[in-house]
Amino acid sequence: MSIIQINNLHKTYTDTKVPVKAVNGISLSIEEGEFTAIVGPSGSGKTTFLNLMGGLDTPTEGDILIGGKNIKDLNSRQLIDFRLHHIGFVFQSYNLIPVLTAIENVAFIMELQGIPKKERHQIAMELLKKTGLEGKENYRPGELSGGQQQRVSVARALASKPKFILADEPTANLDSASTEDLLNMMAELNKSENMTFIFSTHDKRVMDKARRIVTIDDGKVVSDV
Amino acid sequence: MIASIAWRNLWRNKLRSLIIIAAVVVGILGGVGSDGFMEGMVDQRVNTAIANELSNIQLHQPDFLLNNEINYTIPNPDQYIEVANQMPEVKGASKRIICGAMASTATAATSVLICGVIPEQEKKVTGIYKKVISGNYLNDEQRIPVVVGKKLADKLELNLNSKLIVTLADSSGTITYGAFIVVGMYQTSNNLYDESHIFVRINDLGKLAGITGQVHEIAISLFDNKQTSLVFDKLSSSFKQQINNKLIDMRTWEQLEPLLKSMIEMTAFFSYLFLIIILIALAFAIINTMTMAILERKREIGMLMAIGMTRGKIFTMIMLETLFLAIVGGLVGLLMSYGLVEYYAHYGLDFGSMGSGMSYIGYDSIVYFKVTDGFYLASFILVAITAVLSSISPSIKALKLNPVDAIRELN
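Line by line, the protein sequences give chains A and B.
Just so we're aligned: 141 in our numbering is position 159 of the first sequence, and the numbers increase by one with no gaps anywhere.
Numbers given in our numbering equal positions in the second sequence, counted from 1, plus 6.
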């Protein structure tokens, strides 16, 4: 079943001296449970494409249908709510809230969703366990390694029970061992939870794990295997 | 959890937060301290004026206050004394004859206000008898006694048992004079009062002025100044007929000395003005600090927006951070201010050599601080309002952030 349907997507930045076509007519369909890598050289438009899919940026042209809903039709307030309930984000620099502990970081997104305290605590504990962080619940991000922080970030993304998780270069700041661990964990979650993961990356190790690789160059899909 | 994040965010940069907290503390100390000083000074002045000079309520013949004519006396004064003394709020009531006169000795002369009083009645109304620093207050045993202020004694080179000649116009308009023996000298915190007021027995002055048995003034003193209006209303009701028939005119100390009342109002106004000026300066410091904090956390705020935190919640978070800073600073500031005010309320702030200058304008040289609960509360509320208002500009800066730009910075 297709959870993301992208039709003739364009994004042109006009705030530069010369207009830049970052995304130039991408059409793509992503099925539930995919483990997809969006790859391409720097400046190819993969981050912009991910931002558009995540509702963080608005397309100049084209449609993005998520679960049948065209996010182009949502206003900024509805878009925030849509992101909160339907999309999980994993960032390159982990981006956890530094003053919260691991469990609080995971539970925070559920608080935004209005889930009761007891329930969110229980879910957060389970997610930290699943991401291999049992015993680290009360550590703050500064007390965790890069790999562990990224695991918390994945747990946080999962906590909102999203339709899919967008991960922008999730392994860029990790060493080989942490990258391997993180990819194995995400692949496991993909299998066990049927969670859809979409990565942007130029990391060969991520590409090797991906079951589908979409290559973008000059804002266009040049291959999809 | 937003409140918890806001609280923890405060302590991410401890030094910066502590500097702002210290600024709030110093601001409140300055505002409350200056109010304590000014309010204490004015309160002392008012209390002194009521205790030694005015009493709480005075009755006169209606024209007397316009023109201190010796024949403007209150008919049948004892009826008023009797009614006043029956009220539980009244400490005492005293009959007085008041005349403008010339006081002279062999070496000098000066104009004075001579007050003829019944010593035992007057002791219940004013505290001049407690201010006698040499000799004694008036009593029935003495021979034509007078109690003078120390300042006047110095001016006229008077000593105890010296003779003071008092010259005045009697009830027929004839200039008359009498000799009084100085039996005591008093000293209040008001040099001008001490220099211009002398006290004699009412009968001695009545005889001299030709108005024996008559009085110009009835002074009523209360146990609690706060009951002045209440007692005034009760007396107005009791003496309604006499007031309507223009036999008497009754006034509170505020009506007799409107300057004192305006001084109280001005003090309150300047205290708040001073506090507001301090808070405006503080607001700029808070805006600057919070803007710095927001700019440093631009990426984090962008991420919060990306994962689904609404702008309203981000605004609340920043506002709470500012509010917490102000509340911590405000509470510490109030606590320290309370300590400062209590210390000076107990021991007083001694102006030493400047004290004599202050006495010339009617103030004590030692000021005992006083701050009302209302001012403490108002200071705290104003600090909180300043914090909320100061958080608006940094919050707007945060809300203008575009999550995409923030994420770009991240990656």
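One or more hints might be untrue.
Said to hold, decoys possible - The calculated DSS-like cross-link candidates involving lysine-lysine, where the alpha carbons are at most 25 angstroms apart (straight line), are:
{"id": "1", "chain 1": "A", "residue 1": "K143", "chain 2": "B", "residue 2": "K403"}
{"id": "2", "chain 1": "A", "residue 1": "K118", "chain 2": "A", "residue 2": "K100"}
{"id": "3", "chain 1": "A", "residue 1": "K3", "chain 2": "A", "residue 2": "K54"}
{"id": "4", "chain 1": "B", "residue 1": "K267", "chain 2": "A", "residue 2": "K100"}
{"id": "5", "chain 1": "B", "residue 1": "K319", "chain 2": "B", "residue 2": "K20"}
{"id": "6", "chain 1": "B", "residue 1": "K213", "chain 2": "A", "residue 2": "K99"}
{"id": "7", "chain 1": "B", "residue 1": "K376", "chain 2": "B", "residue 2": "K267"}
{"id": "8", "chain 1": "B", "residue 1": "K232", "chain 2": "B", "residue 2": "K136"}
{"id": "9", "chain 1": "B", "residue 1": "K319", "chain 2": "B", "residue 2": "K403"}
{"id": "10", "chain 1": "A", "residue 1": "K202", "chain 2": "A", "residue 2": "K186"}
{"id": "11", "chain 1": "B", "residue 1": "K136", "chain 2": "B", "residue 2": "K169"}
{"id": "12", "chain 1": "B", "residue 1": "K169", "chain 2": "B", "residue 2": "K213"}
{"id": "13", "chain 1": "A", "residue 1": "K54", "chain 2": "B", "residue 2": "K406"}
{"id": "14", "chain 1": "B", "residue 1": "K136", "chain 2": "B", "residue 2": "K376"}
{"id": "15", "chain 1": "B", "residue 1": "K129", "chain 2": "B", "residue 2": "K97"}
{"id": "16", "chain 1": "B", "residue 1": "K406", "chain 2": "A", "residue 2": "K(-1)"}
{"id": "17", "chain 1": "A", "residue 1": "K54", "chain 2": "B", "residue 2": "K319"}
{"id": "18", "chain 1": "B", "residue 1": "K232", "chain 2": "B", "residue 2": "K246"}
Keep in mind that the hints were calculated from the coordinates and are not lab data.
Source: prediction; values computed, not measured.
Give me the numbers of the hints this structure contradicts, sorted from smallest to largest. Hints 1, 4, 6 not satisfied by this model.
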